[in-house]
Amino acid sequence: MASIDITDVRKAYGSTKILHGVDLTIKDGEFVVLVGPSGCGKSTLLRMIAGLEDISSGEIRIGGRIVNDLDPKDRDIAMVFQSYALYPHMTVADNMSYSLRLRKTAKEKIASAISGAAAKLSLTPLMERRPKALSGGQRQRVAMGRAIVRSPKAFLFDEPLSNLDARLREHMRGEIKKLHQDLGATSIYVTHDQIEAMTLADRIVAMNAGLVQQVGSPLDLYDRPANLFVAGFMGSPAMNMFEGTYRAANGGTVELAQGVVVPLAGPAPTADGTKLTLGIRPEHVLVGKTGLEGIQALIDLVEPTGFGTILHASAFGADVKAFSLERGVAVRGDTVSVSFPVERIHLFDTATGSRIG
Amino acid sequence: MIRPKRLGMTIAHRAAILVYVAFALFPLYWLVKVSVTPNDLLYSEGVKMWPSRATLDHFAFVLEHSDFPLFFRNSMIVSVSTAFIVTILSSIGGYALSRFTFRGKFWIVGLMLLTQMFPLVMLIAPIFKMLSPLGLTNSLSGLILVYVAFNVPFATFLMQSFFDGIPKDLEEAAMIDGATRFMAFRQIILPLTLPGMAATLGFVFTAAWSELLFALMLISGVDASTFPVGLLSFVSKFSVDFGQMMAAGVLALIPACIFFLLIQRYLVQGLTAGAVKG
Ligand SMILES: Nc1ncnc2c1ncn2[C@@H]1O[C@H](COP(=O)(O)OP(=O)(O)OP(=O)(O)O)[C@@H](O)[C@H]1O
Ligand SMILES: [Mg+2]
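Residue numbers (the UniProt record's numbering), protein chains in the order written: chain A, 1 to 357; chain B, 1 to 278.
Rather than coming from a laboratory, the hints here were simulated on the basis of the structure.
Built from N, CA and C at the ideal position, the CB exists for glycine as well.
Any given hint could turn out to be false.
[Claimed, not checked] Not close to chain B: a few residues of chain A, all C-beta gaps over 10 angstroms, as computed:
no., residue
1, T25
2, G39
3, G259
4, V331
5, V342
[What the hints assert, rightly or not] Between beta-carbon pairs, the in silico distance windows are:
no., chain 1, residue 1, chain 2, residue 2, range
6, A, K104, B, P69, 46 to 56 angstroms
7, A, G39, B, L28, 40 to 50 angstroms
8, A, E128, B, L216, 52 to 62 angstroms
9, B, G165, A, G14, 44 to 54 angstroms
10, A, K104, B, M112, 35 to 45 angstroms
11, A, L211, B, G165, 30 to 40 angstroms
12, A, E128, B, D223, 47 to 57 angstroms
[What the hints assert, rightly or not] Examples of chain B residues lying across from chain A (beta carbon under 7 angstroms, computed):
no., residue
13, G165
14, D169
15, L170
16, E172
17, M175
18, I176
19, D177
20, G178
21, A179
22, I188
Extracted from the complex, chain A is given alone in its bound form:
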């Protein structure tokens, strides 16, 4: 086990800059999840840690040692690829023992290591098969097994579950969490999946366009997104965002389109007249009968998810999404009143995108 320190790491392919200075410290035994839109450089960063990609500038340390110029084999990390990358001409057992055989580990030790890993991942009956004769989920487990047979300094995962169906993904997510609790290994995990990120991470690193946007605990990112990007990226259905202007009078309000005024909990630390964006998560939007205090809205669309209901309403020329655990709150064509509880409101500076307050 080891900590990983990433200092001002940059990556460029020729003149195309991919990463613009990433700083990140991952503590020993921590499970860090990298999230971000496609093409933002998550895999590139992971591959640089693994040693598969050159570091254009900056420094990566694993367990305190600078690894910039070390070959992958000398970094003592394990990686699970999205494609699994199983050796097709080797049996499951040979796939799993390959790294140990390369290290000239004693035969008995290899045998006990792979049977231990196989038991953990319920692969024992499949040990003599070739990858060709395995299902997608089984291949995924072999790929995990190959990583855990030795005790590397860190585990790297590049979207390891994205080729599985939803049910299996949910199951493997639990398995990975359990494995991490067992082994306590430093792990970096790349995913597109919100739920995976929220459930697995000790800390989430949200990236966009080659820059780290926010680092924090899952609930931190969810409850206090640092900027518009993180606010929009985390959560599904996505946060409502309305552009408006800050008014310092009356204890602080935001004036939205069509003269709609939303009161705030208190004065915001910004100047009167600042253009800002008001964000509120759909599950925090209150939907009630008309006549109550609130903003008049017309229900356009009702999406029952089974778990709850997503309502799309139009008000002050914008689309307002609301999520309710109750069924039958409204039907299409209803006029309702929506309101935004002051303690649930997020404010962002429209010009810079950063959080206010």
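Given the coordinates of chain A, work out where chain B with the ligands should sit on it, guided by the hints.
Positioned in the frame of chain A, the structure of chain B with the ligands alone reads:
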């Protein structure tokens, strides 16, 4: 229930394949037929599918009274050496072209393509001029050298396409598992490229086995003649001994057939299935 239209299509399809196969194999059949036809029947019987009397005399003569065993041995040495040298060189080169970007890659690939553009006849005189002061004319080594040079570019492109078909993830996984790049190449990538290497080996072997032009121009003595050159010795000023020539031809087919039998199990593709997601 097979619909009549489908059935008709299937029959037409099979028939077309059959016609093509017959067309392709007929010369071989004729080769065998002539090789067992006694000389006195060759011209007297007219065109018949099988002579009224078959004989192995031609084979016996070729093996016992001609230089054919020698030509045969020479051809074997030249073809097998060429095939192995080319396969090794083109595997290494093809891997580099497939996996690395390096300075001058564009020009190297361009030059390799350029060598494929000229008719060989154009190059015979300069090559002769180069080899003769080196004492490499009239020698099997010289012939091997020339064959290797001419086969490497194409074989390299062929091998490159096989390496391109093997996911990069595999050797990256091996390197993370603790292998050097060379170990990953030898232990992971090479076993998966065996079908490609077998194809290259077979391709180069047959090319060298049947090459006539350079063999004819660079070799003048019987000692270093290969079998295609030797075949010409059945053509004399006044006649062609077809029976013996065809018998020699049939014998020459045998090594090529054995060679392909040996490598055919590697030619069966599909070894990489299951490497990546499925
Ligand atoms: N060899 C290369 N040459 C030039 N650009 C590259 C190269 N490899 C990757 N890129 C670019 O680098 C950027 C980051 O790629 P990367 O694979 O890290 O994205 P990602 O965040 O993992 O995306 P995804 O979620 O789709 O996997 C992309 O815009 C990609 O086009
Ligand atoms: Mg990626």
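Worksheet item: Non-interface claim for G259(A): all C-beta distances to chain B beyond 10 angstroms?
Response: With a cut-off of 10 angstroms, G259(A) remains clear of chain B, as the shortest Cβ separation is near 54 angstroms.
Discussion item. Interface hint check: G178(B), Cβ to nearest Cβ on chain A, cutoff 7 angstroms. Holds or violated?
Written reply: holds, 4 angstroms
Worksheet item: Do the beta carbons of E128(A) and L216(B) sit within 52 to 62 angstroms of each other?
Response: holds, 56 angstroms
Fill in: Outside-interface status for T25(A) - nearest CB in chain B farther than 10 angstroms
The claim stands: T25(A) keeps its Cβ more than 10 angstroms from every Cβ of chain B (closest is about 22 angstroms).
Item to complete: Report holds if the minimum CB distance from V331(A) to chain B is greater than 10 angstroms, and violated otherwise.
Response: The assertion about V331(A) holds, with a minimum of 43 angstroms to chain B.
Worksheet item: How about A179(B): closest beta carbon in chain A under 7 angstroms, or not?
Response: Holds. Min distance 6 angstroms.
Discussion item. Interface hint check: D169(B), Cβ to nearest Cβ on chain A, cutoff 7 angstroms. Holds or violated?
Written reply: Given a least distance of 4 angstroms, the restraint on D169(B) holds.
Practice prompt. For the hint on I188(B), just tell me whether its beta-carbon gets within less than 7 angstroms of chain A.
Written response: Since the shortest Cβ distance to chain A is 6 angstroms, the answer is holds.
Worksheet item: Can we keep the D177(B) interface hint, with Cβ of chain A closer than 7 angstroms?
Response: Hint on D177(B): holds, closest Cβ of chain A at ~4 angstroms, below 7 angstroms.
Worksheet entry | When the least beta-carbon distance from I176(B) to chain A is tested against 7 angstroms, hint result | holds, 5 angstroms
Item to complete: Could you check the hint for me, namely that E128(A) and D223(B) are 47 to 57 angstroms apart, CB to CB?
Response: Holds, at about 55 angstroms.
Worksheet item: At a threshold of 7 angstroms, is the proposed contact between E172(B) and chain A supported by beta-carbon distances?
Response: Status holds, d = 5 angstroms.
Hint check: violations occur at hints 7, 9 and 13; the rest are consistent with the structure.
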